[in-house]
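*Asks:* Residue numbers (the UniProt record's numbering), protein chains in the order written: chain X, 1 to 582; chain C, 1 to 612.
It should be emphasised that the hints constitute simulated quantities derived from the structure, not laboratory data. Hints should not be assumed to be uniformly reliable.
Pairwise CB distance ranges, derived in the manner of DEER restraints [stated by the list, open to error]: (1) 75/C with 94/X: 37 to 45 Å; (2) 113/C with 528/X: 23 to 31 Å; (3) 448/C with 564/X: 41 to 49 Å; (4) 520/C with 463/X: 47 to 55 Å; (5) 357/C with 528/X: 31 to 39 Å; (6) 417/C with 343/X: 34 to 42 Å; (7) 271/X with 456/C: 29 to 37 Å; (8) 333/X with 75/C: 36 to 44 Å; (9) 75/C with 326/X: 30 to 38 Å; (10) 538/C with 84/X: 38 to 46 Å; (11) 556/C with 69/X: 24 to 32 Å; (12) 53/C with 162/X: 41 to 49 Å; (13) 544/C with 479/X: 50 to 58 Å.
This one's a predicted model, so the numbers in the text were calculated from it and none came from an experiment. The beta-carbon is built from N, C-alpha and C at its ideal position, and this holds for glycine as well.
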Amino acid sequence: MILKREKEIYVAVLEIKQLLTNNYARNASLLTIDTSDESDCKETSEFSEKEEDVDIRMYAAISFVFLLLVVGIPLWWKTTEVYRVHVPYGRIDDLKEADVVFPAHVTILSKETERVNSLLKHLSSALSNTGNGIINVDFKGRSDFDVNKVLTAESLQALDEMDLFPNEVSHIYLLEVPGMLRFTAKDVIVGRKRVVYFSTQAKPETLHAVLSQWIIRADALFRTKAIIEAPNEWSRDRTGGRRMPPAAQYDIMFSMVHPEPEKRNIKWNIKEAIRDHLGGLLEYLSPIITFHIKSQWLYSVRLEGRPRQVQEEAQTWYSLSEDILPHIITPLEKKLGSGVSEHPTIQLVLYIPPCQISPLFITSSRSSIQPSLAFLSPRWGGVQIFNPPQSLCGHVDENSSWLDSEAIMNTFKMQLKLLVGFPELEKIGGVEQLPLPASGVRDWELDSLMRIKATEHLISARITLKSLAQLLDEISNIVINDEVGDKIWEAILKSHEAINYIQDYDLTNGYNLSKQAFLAAETAFSDPSLLALLYFPEDQKYAVYIPLFLPVMIPVLMSLRGIRSWWFSGSEDTSEAKKKTE
Amino acid sequence: MIVWAVFTLILSSVSALGQSGLYGDEFHEELVLKQLPSGHVYSYFQFTTLWENGGDQPNHHCHLFPQSLSEVLHLYNVDEMHLSLTGGLWRHENWGYPVVSAPPGAELWAWFKEGTHDVDKKWTLLSNALSGLFCASLNFINPQQSPSPKYSFAPLGAYGSASQNRSLLRYSTLPREIVCTENLTPFKKLLPCDSKKGLSSLLNAGNIHNANYHSLGIHVRPQCKDENCHETVLELKQTVSLVYDLIILGQESRDWSFRKLFGVGLAGPCPLAKSSKIYVDCSTNATTFDYNLSPDPTEFINSNRGGYNTVFAVYDIKKTHIINMFSVSATHKGPRVQSIISPPVIHATRYIVGYGQEHGGIVTKIHNNHWKEIDITLFENIPWFLPTYYHTLKITANGGKQVLKPYAKHYLPGRDRSRPYTLEFLVTLPPRSVTEIYLEFDYSFLKWQEYPPDANHGFYVGAAAITTLLPHTKNYTGVPIDGSTFSSSINASRDTYPVTLHTEILLVTLPTPDFSMPYNVICLACTVVALAFGPLHNHTTKRLQMLDPSEETKGVIANLRQRLNSFLTQSTKAKEQSSPAPSEVIKSPQKEEAACGSKVTSRKKDRAAKSS
Chain X
1 MILKREKEIY VAVLEIKQLL TNNYARNASL LTIDTSDESD CKETSEFSEK
51 EEDVDIRMYA AISFVFLLLV VGIPLWWKTT EVYRVHVPYG RIDDLKEADV
101 VFPAHVTILS KETERVNSLL KHLSSALSNT GNGIINVDFK GRSDFDVNKV
151 LTAESLQALD EMDLFPNEVS HIYLLEVPGM LRFTAKDVIV GRKRVVYFST
201 QAKPETLHAV LSQWIIRADA LFRTKAIIEA PNEWSRDRTG GRRMPPAAQY
251 DIMFSMVHPE PEKRNIKWNI KEAIRDHLGG LLEYLSPIIT FHIKSQWLYS
301 VRLEGRPRQV QEEAQTWYSL SEDILPHIIT PLEKKLGSGV SEHPTIQLVL
351 YIPPCQISPL FITSSRSSIQ PSLAFLSPRW GGVQIFNPPQ SLCGHVDENS
401 SWLDSEAIMN TFKMQLKLLV GFPELEKIGG VEQLPLPASG VRDWELDSLM
451 RIKATEHLIS ARITLKSLAQ LLDEISNIVI NDEVGDKIWE AILKSHEAIN
501 YIQDYDLTNG YNLSKQAFLA AETAFSDPSL LALLYFPEDQ KYAVYIPLFL
551 PVMIPVLMSL RGIRSWWFSG SEDTSEAKKK TE
Chain C
1 MIVWAVFTLI LSSVSALGQS GLYGDEFHEE LVLKQLPSGH VYSYFQFTTL
51 WENGGDQPNH HCHLFPQSLS EVLHLYNVDE MHLSLTGGLW RHENWGYPVV
101 SAPPGAELWA WFKEGTHDVD KKWTLLSNAL SGLFCASLNF INPQQSPSPK
151 YSFAPLGAYG SASQNRSLLR YSTLPREIVC TENLTPFKKL LPCDSKKGLS
201 SLLNAGNIHN ANYHSLGIHV RPQCKDENCH ETVLELKQTV SLVYDLIILG
251 QESRDWSFRK LFGVGLAGPC PLAKSSKIYV DCSTNATTFD YNLSPDPTEF
301 INSNRGGYNT VFAVYDIKKT HIINMFSVSA THKGPRVQSI ISPPVIHATR
351 YIVGYGQEHG GIVTKIHNNH WKEIDITLFE NIPWFLPTYY HTLKITANGG
401 KQVLKPYAKH YLPGRDRSRP YTLEFLVTLP PRSVTEIYLE FDYSFLKWQE
451 YPPDANHGFY VGAAAITTLL PHTKNYTGVP IDGSTFSSSI NASRDTYPVT
501 LHTEILLVTL PTPDFSMPYN VICLACTVVA LAFGPLHNHT TKRLQMLDPS
551 EETKGVIANL RQRLNSFLTQ STKAKEQSSP APSEVIKSPQ KEEAACGSKV
601 TSRKKDRAAK SS
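Model the full structure from these sequences, guided by the hints.
*Replies:* So this is what it looks like as structure tokens:
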């Protein structure tokens with residue numbers, strides 16, 4: 001019964017369907033939009049209904065497209081982008097053009113104007129193209145000065161103390177001393193401040209050698225710059241290789257390594273020794289470099305390596321070969337400890353060998369080197385061996401075991417100077433220097449060091465900023481927050497300021513500003529907030545949003561085609577309609 | 001051999017290296033061995049360094065005091081610091097009181113100097129620096145989970161007045177930390193003799209961490225130099241506490257020796273130590289146990305402290321001729337006796353009650369075995385994710401018969417993610433009673449990223465600390481507050497004896513979410529959007545119409561489908577059946593077409609042209 005009823009209904013539906021198809025079969029296919037004919041056919045009314053319908057539908061499609069493509073996608077892009085403060089890429093590039101040229105003055109003083117002129121000519125032509133434009137030497141000659149003091153001086157040292165000329169940074173005076181033979185047989189004597197004394201027989205070549213190799217050192221400046229800019233093509237020279245890397249401050253750690261305190265009782269008041277012997281040097285360097293001094297005693301540490309026994313007629317001594325010196329430092333460094341401070345540490349180690357291998361010396365296979373007691377590891381520190389008197393072994397005597405502070409501290413002082421960056425001066429024939437002052441550093445050496453370090457700071461800052469800009473280009477998910485942006489600006493501005501100061505002959509301020517610029521660039525580059533989104537690269541962002549956007553965008557984009565054809569067919573039909581009405 | 005004998009003779013004739021005059025520091029090393037009534041052996045190492053100029057100004061020239069630790073203390077303005085790393089639980093009821101008490105895991109508390117700005121920042125930096133120094137994960141300590149207790153953890157240093165500014169104190173505990181070789185090695189590096197000479201050569205990681213309870217402690221505090229206390233000395237105490245279960249060590253015997261406990265014997269004292277002594281507590285020798293000590297001790301000392309007498313066998317290593325290796329051993333005679341262990345005066349336990357993952361309770365049970373009342377201070381530090389309800393706090397004694405009222409209390413409610421719940425109170429325990437302290441809490445549901453990698457393991461709640469003053473020294477071995485070395489506890493009778501106990505740590509299982517939900521959410525949301533948006537768009541921008549089959553433009557898919565159909569059925573019947581219908585349909589419009597005229601046909605043709 002039910003089946004029959006269903007069949008009836010089915011048949012009725014089919015009939016209705018036939019009727020409808022008969023009615024609508026006249027009409028064309030689905031999507032053809034036909035707004036054309038408003039003729040007096042019966043079908044027009046049905047057509048006109050559909051035309052309005054088509055408009056509404058198209059407007060709906062257009063609104064979807066507008067909302068999604070014009071409003072939605074830019075909003076999504078903006079809200080999911082990585083936070084980046086504006087970085088001045090242009091100004092970072094500009095830094096390359098602002099190359100620093102150090103000015104230097106050399107004044108030649110002699111009572112004979114002829115000598116002055118000939119020296120001027122020779123030296124200015126010889127030093128005109130040094131260092132590829134890093135340092136610009138300006139020569140002057142003067143004959144009008146008070147020569148009486150020069151003639152009546154008792155010794156060159158006294159002459160030096162007299163301060164005849166203003167002692168300004170980067171100003172060198174070459175003073176001819178008539179009758180220098182009464183002081184010394186050498187031709188040229190370099191003073192402690194910024195005066196070079198030469199005799200009447202001194203040759204211009206000697207003066208040129210002194211100026212270029214010792215005082216101005218344009219080659220070293222050029223090399224410092226080239227190494228940072230093109231490290232694959234250039235290698236460090238000896239002095240540059242020893243110099244500690246640039247930093248805000250340095251720590252100096254004195255470690256006394258004494259492996260057998262039960263056999264030898266060694267006493268040393270380190271605090272006083274440092275104050276007496278190193279205090280001058282540290283104070284002299286304090287305007288440009290800050291040091292923190294620490295010290296410790298290590299009692300159960302031995303140096304690696306088995307020394308050989310050397311039997312000589314009077315005594316036996318033990319020798320540590322030069323080849324195993326590099327292997328000593330690594331196990332030693334484990335015990336020296338790393339502190340909480342962020343500054344690089346200069347390690348100065350004093351080793352007191354155990355009784356069985358005492359006295360201990362370092363020997364080299366090179367015949368030119370005598371058995372010595374100390375060695376230096378570039379950019380790390382120095383190790384010194386002290387051999388107390390053999391009679392102390394086994395006796396623990398309260399009184400007689402104080403260390404010889406002066407010899408030890410002098411070696412440490414020399415090692416410290418080399419590590420800071422002061423060069424060992426090569427021998428030039430006929431030239432000597434006055435003995436070192438109490439601080440241990442000559443003023444012209446300080447100038448040269450400031451120039452080299454300022455160059456290092458400025459070039460490093462520039463390279464760091466450029467690397468940061470390149471990284472920002474390549475890796476799209478690095479965050480630059482406000483502080484890092486500020487630091488970048490600070491680095492750029494301070495670099496320019498430093499270069500200005502240097503060119504105005506104010507080397508000290510220029511150096512300090514260059515250090516600040518370098519530190520700002522380093523801080524900006526190594527800020528941990530840069531990598532806050534390191535594990536959220538761009539493709540992950542797309543992967544999360546694609547399942548959401550794809551099913552939405554496909555119908556919208558497909559409807560674009562329909563909209564286009566409606567829009568243009570609409571305009572065609574209206575133009576047709578216009579033609580027909582005309 | 002002769003050379004060796006000569007050397008040892010020289011060694012033994014060496015008097016103390018009196019360098020304390022020049023550098024102002026001295027070093028002592030001590031080892032205390034005690035046979036506990038339960039059959040365990042308790043060994044306690046204490047290495048004490050006293051530095052005269054250490055505390056006052058930043059002094060960067062160190063001699064015996066370790067340079068790295070001195071730097072940390074001065075840089076962060078720390079007055080007093082106590083760090084302990086422990087594995088295992090100290091059983092107070094069986095073992096008595098340790099010399100230094102420590103909760104399981106890591107515990108760090110520090111007092112900063114007066115006038116320190118930004119204590120929170122310095123606290124974070126201090127915990128990070130110590131984490132690097134000792135290879136322990138102390139960097140998980142942050143100011144948000146470090147309370148400042150108000151009554152407990154008074155400063156043990158030389159100023160000691162209880163009215164210190166409590167905002168300079170920070171306390172934190174990490175119950176999940178483990179202690180192992182990695183921590184022992186830097187610990188030994190801080191000692192002047194490292195691990196080569198002296199008692200520190202007995203600290204072998206393989207044997208030390210094999211014990212039931214092993215704990216490393218570093219305690220720094222300023223100490224009075226003399227009775228007048230005009231000057232202070234910086235005292236560094238490095239302690240190692242071990243409790244060995246002799247059965248586990250093998251050989252099933254009750255005898256112990258250095259070789260069994262530490263694996264090696266002792267080669268000699270540390271040459272830099274002013275004193276190097278071993279104390280063996282022989283009080284139980286005649287009574288509970290019966291053993292012989294070999295070699296013979298240097299002397300026997302009777303220590304009368306607070307009415308209780310303890311006998312110590314003392315070995316002075318500096319005065320001993322050591323031929324091969326020095327090893328103290330105890331051989332038991334007679335049958336094995338299991339004695340009744342009388343518990344100490346105060347001991348406590350703590351556990352969680354409740355079921356389900358919505359509410360729970362913490363119960364701390366404190367036993368008072370003394371015939372008089374005793375005052376205690378209880379400090380509970382509950383993390384912020386277990387919100388506690390102060391109104392549910394109940395302190396009852398003797399099974400609920402007596403309700404106790406604390407005479408001072410301090411409750412600081414916690415704030416989510418910024419402050420833990422701190423509860424501290426002072427209460428008097430009735431004599432011979434068991435006091436129960438009950439507090440209810442809720443389990444809270446954390447944010448997705450706050451769960452640790454193994455979320456179902458649970459979250460740890462740190463141990464509670466009970467501070468009290470004992471009236472007598474039964475089972476008590478602590479060093480008096482005005483002394484530095486263990487030897488100062490001999491005959492050190494005082495009025496009261498301060499002791500700190502730590503309870504167990506708790507493990508709480510918080511309700512954990514389903515961690516795959518974010519993926520599920522993304523899938524669901526995208527599916528819903530796709531399913532909802534598609535039809536919506538279709539409905540608003542398209543209109544369904546019946547197609548005229550003759551004018552139908554067949555797409556690629558329709559073509560393929562028809563071909564497939566014809567291939568499969570391979571009959572022309574379907575074609576014949578389908579064809580009449582369209583032809584019928586076509587006929588009728590054509591009739592009306594004629595009525596409308598040529599326009600209609602042209603329009604149709606246009607449309608046909610456009611659609612093709």
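*Asks:* So, for every hint listed, does it hold in this structure?
*Replies:* For each hint, the structure was consulted:
1. 75/C with 94/X: 37 to 45 Å: holds (41 Å)
2. 113/C with 528/X: 23 to 31 Å: Given a distance of about 29 Å, which is inside 23 to 31 Å, the answer is holds.
3. 448/C with 564/X: 41 to 49 Å: At roughly 46 Å between Cβ atoms, residue 564/X and residue 448/C fall inside 41 to 49 Å, so the hint holds.
4. 520/C with 463/X: 47 to 55 Å: Between residue 520/C and residue 463/X, where Cβ atoms are some 49 Å apart, the hint holds.
5. 357/C with 528/X: 31 to 39 Å: Holds: the Cβ-Cβ distance is about 38 Å, inside 31 to 39 Å.
6. 417/C with 343/X: 34 to 42 Å: Holds, at about 36 Å.
7. 271/X with 456/C: 29 to 37 Å: violated (58 Å)
8. 333/X with 75/C: 36 to 44 Å: Check failed, 22 Å falls outside 36 to 44 Å.
9. 75/C with 326/X: 30 to 38 Å: Hint holds: Cβ distance 33 Å, inside 30 to 38 Å.
10. 538/C with 84/X: 38 to 46 Å: holds (41 Å)
11. 556/C with 69/X: 24 to 32 Å: Holds, at about 28 Å.
12. 53/C with 162/X: 41 to 49 Å: Hint holds: Cβ distance 45 Å, inside 41 to 49 Å.
13. 544/C with 479/X: 50 to 58 Å: Check passed, 51 Å falls within 50 to 58 Å.
In this structure, the hints that do not hold are numbers 7, 8, in rising order.
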